[in-house]
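> Taken in sequence, the protein lines are chains A and B.
Going by our numbering, the first sequence opens with residue 1, and the numbers climb by one from there.
Going by our numbering, the second sequence opens with residue 327, and the numbers climb by one from there.
Don't read these hints as lab results, they were simulated from the structure.
There could be a bad hint or two in this list.
[What the hints assert, rightly or not] In silico BS3-like cross-links for lysine-lysine, where the CA-CA straight-line distance does not exceed 25 angstroms:
hint, chain 1, residue 1, chain 2, residue 2
1, B, K521, B, K626
2, B, K581, A, K303
3, B, K584, A, K172
4, B, K581, A, K172
5, A, K303, B, K527
6, B, K483, B, K446
7, A, K303, B, K584
Everything numeric in this text was worked out from a predicted model, so none of it was measured.
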Amino acid sequence: MTLALKDDVHRPALMRRINFAVVVFLVFYLVIGLLQPAYLEPAGIMNFLRRAAPLAILAAGQVFVLVSGGFDLSVGSLVTLTVIGGSMLTANDPSNTGWAIGVLYGIGLAVGLINGAVVAYLRTPSIIATLGALLAINGVAMTWCGGSPRGYLPENFRMFGRFVFHDVPLVKIFPLAILVFAVVAALAWWGLHGTVFGRRVFAVGDNPRAAELAGVHVDRVRLGVFVISALAAVTAGILLGGFGGVSVDVGVGLELQAIAACVVGGVQLMGGRGTVVGAIAGALIMTALFTLLTLLGWPQPLKDTAQGLMLIIAVALGAWRRRRTG
Amino acid sequence: MRLTKWIGPAVAGAALMGAAAPHAFAQNFDDPKEFAAAQELLKMTPQGPAGKPWEQNLGGKEVDTSKYKKPGPYRICFSNAGVDNPWRVVGWLDMQAQVDVLKDDIKSFKAADAQGKDDKQISDINAFVQSGDCDALIVSPNTTAALTPAVEAACKKLPVIVFDRGVLTQCPVTFVNPIGGYGWGIQTANFIVSKLPKGGKVLALRILPGVDVLETRWSAANRIFKENGVDVVGAEFTNGDNAKTKQIVEDYINKYGKIDAIWMDAGATAVAALEAFEDSGQPYPIITGEDQEDFLKKWKEKGLTAMAPTYPTYQWRSPVIAAVRILKGEPVIGPTWKLPQPTITEADLDQYVDDKMPPLHYAMCGCKDLPGYPQRWGGK
Numbered sequence: 001m002t003l004a005l006k007d008d009v010h011r012p013a014l015m016r017r018i019n020f021a022v023v024v025f026l027v028f029y030l031v032i033g034l035l036q037p038a039y040l041e042p043a044g045i046m047n048f049l050r051r052a053a054p055l056a057i058l059a060a061g062q063v064f065v066l067v068s069g070g071f072d073l074s075v076g077s078l079v080t081l082t083v084i085g086g087s088m089l090t091a092n093d094p095s096n097t098g099w100a101i102g103v104l105y106g107i108g109l110a111v112g113l114i115n116g117a118v119v120a121y122l123r124t125p126s127i128i129a130t131l132g133a134l135l136a137i138n139g140v141a142m143t144w145c146g147g148s149p150r151g152y153l154p155e156n157f158r159m160f161g162r163f164v165f166h167d168v169p170l171v172k173i174f175p176l177a178i179l180v181f182a183v184v185a186a187l188a189w190w191g192l193h194g195t196v197f198g199r200r201v202f203a204v205g206d207n208p209r210a211a212e213l214a215g216v217h218v219d220r221v222r223l224g225v226f227v228i229s230a231l232a233a234v235t236a237g238i239l240l241g242g243f244g245g246v247s248v249d250v251g252v253g254l255e256l257q258a259i260a261a262c263v264v265g266g267v268q269l270m271g272g273r274g275t276v277v278g279a280i281a282g283a284l285i286m287t288a289l290f291t292l293l294t295l296l297g298w299p300q301p302l303k304d305t306a307q308g309l310m311l312i313i314a315v316a317l318g319a320w321r322r323r324r325t326g
Numbered sequence: 327m328r329l330t331k332w333i334g335p336a337v338a339g340a341a342l343m344g345a346a347a348p349h350a351f352a353q354n355f356d357d358p359k360e361f362a363a364a365q366e367l368l369k370m371t372p373q374g375p376a377g378k379p380w381e382q383n384l385g386g387k388e389v390d391t392s393k394y395k396k397p398g399p400y401r402i403c404f405s406n407a408g409v410d411n412p413w414r415v416v417g418w419l420d421m422q423a424q425v426d427v428l429k430d431d432i433k434s435f436k437a438a439d440a441q442g443k444d445d446k447q448i449s450d451i452n453a454f455v456q457s458g459d460c461d462a463l464i465v466s467p468n469t470t471a472a473l474t475p476a477v478e479a480a481c482k483k484l485p486v487i488v489f490d491r492g493v494l495t496q497c498p499v500t501f502v503n504p505i506g507g508y509g510w511g512i513q514t515a516n517f518i519v520s521k522l523p524k525g526g527k528v529l530a531l532r533i534l535p536g537v538d539v540l541e542t543r544w545s546a547a548n549r550i551f552k553e554n555g556v557d558v559v560g561a562e563f564t565n566g567d568n569a570k571t572k573q574i575v576e577d578y579i580n581k582y583g584k585i586d587a588i589w590m591d592a593g594a595t596a597v598a599a600l601e602a603f604e605d606s607g608q609p610y611p612i613i614t615g616e617d618q619e620d621f622l623k624k625w626k627e628k629g630l631t632a633m634a635p636t637y638p639t640y641q642w643r644s645p646v647i648a649a650v651r652i653l654k655g656e657p658v659i660g661p662t663w664k665l666p667q668p669t670i671t672e673a674d675l676d677q678y679v680d681d682k683m684p685p686l687h688y689a690m691c692g693c694k695d696l697p698g699y700p701q702r703w704g705g706k
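I would like the entire structure built from these sequences, with the hints used as guidance.
Here's what the structure looks like:
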């Protein structure tokens, strides 16, 4: 068919994909609500969103990298480093929280720049570059704390993941984490769908050579997406540390969950396609799936199996839908 | 929706495959004889100096050590499995302080850290034996079976003292350890049974499967729960992770509406489990944790219905004392030296809570009389 026709179906297809992920999520959530009606009450919904927030934030960062045609496997270990680093830097003293968070974002920025530079200038495939970063960052985190969690995160650090506004109209309780999530989601949506940079990310993911010929600084775009993903990881780490406290393997497996969330949300793995709304809906689906399996009483290993199957099914469905819609 | 239709059968298939797996572990760790033996040990009155449980023993006989007698001061060597968790960190500090106490009798104390690796520990032990710089060797084995040959070889050259995890040979002069996993399971489950309201729901939190000391804690507790018809709504693995623990507990609160008691095979994440109740606006459960300060502080602060079993870190003191006694030709308890395994209850909580100690310090360290306390253990 002609190019013009393809462009015509582009928008509706995208819309359909978004709706699909959102619809799947709503169905999952309804089933959860049938099993445990508490989830349909405002407090239940708020608690669910709070729990989904870290993964949704990771997915909102990961979607930039995926759309640009790369992977960022280092985010899970960066979450761990953020939590460990938070406890080491604050050293049980609440007055250290402010600058410690600044330093953590600085670390995130550095990790993003290194990942981006390795991919952009050393021409290393991102899956290898960030796999290396995963191992290296985990090593740094373990060395820093001596292999076991030390100390505590002060309450004012944990507030972002744990603080809840009470007696809020309509929803009764409103966790601060949801506010953080909403801000990140809005920023990500604007960044990917509302800026020139966002359009360049799509261009690079679609066809880097063509993008370069069209005058896009492909290397700078690559640096940018890895920085965004890393900063999202630090944010998710602050929420997770706030919610659960110090833990040495808080980030284990999160990189795959974030990628899975994006894929389930219709983001194409080889780049060029994807939406922030889809990625976040994917993260909500993943969280809903875990919640559902827990309510059904499934043990953890089977939940992992289900997550893997879900990922394969989502990719297969995505490929099939693309074949059908052209 | 098509997605959900696919996932159901696919995952159900996986469930069937997975269902067979757990049985592979179960047998060895649920031995009725060992369970009964632990029950007997718990009933015994410890012998030995009062207030010094690290020198006390439950039953056991004295072994003649006159053949090892030699003039002091002595050179003692220690092959350590690792210091990779807070429990081992506290224990290791206990041991070094005990060496300081006995400095008149100990000329040198050399330690090798195997960093949790069997092969490293085997070569550490061989190196110590061949160096000729050791009058006695203390071993804290990384794993039981793998270290047995190295310990056997060392026994032929010098007196060996093993503690914490054991080896599959009787050749060491003594093997120092507390009552163990079955005792822990019995103590904790009995507490929950005594406090649980009728029809109350219990959630068991375990670190990970397949580790003998943890498996036996659970098998003993589960036996008692079953005997008493306790409703255990779940036994979940937390990996010792705070975030995961909190999430699991929250899941169970959401699923059942109310959880009455939390049983734990190790207390490191007890505070995270309690936070899940706080954040869900639920009353605190009956809980068994461990003797870590963070949990003890929370217990005191909130007036919990709780108890803390211990796997006492003071057992790191005993091997040093034993080594010196052996080299002096004084009798020691052997070939197995069972130490008392106290619990912390509401009645004696106050003597173990200490705001000056770090959150991951183990209160049953028996270290208050040791040189350098509390700074050496990170206290203020």
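> If a hint holds in the structure, say so; if it does not, say that too.
Cross-check of the supplied hints:
| no. | hint | in the structure |
| --- | --- | --- |
| 1 | B:K521 / B:K626 | holds (18 angstroms) |
| 2 | B:K581 / A:K303 | holds (16 angstroms) |
| 3 | B:K584 / A:K172 | holds (21 angstroms) |
| 4 | B:K581 / A:K172 | holds (21 angstroms) |
| 5 | A:K303 / B:K527 | holds (23 angstroms) |
| 6 | B:K483 / B:K446 | holds (20 angstroms) |
| 7 | A:K303 / B:K584 | holds (23 angstroms) |
Going down the numbered hints, you'll see the structure goes against none, and every one checks out.
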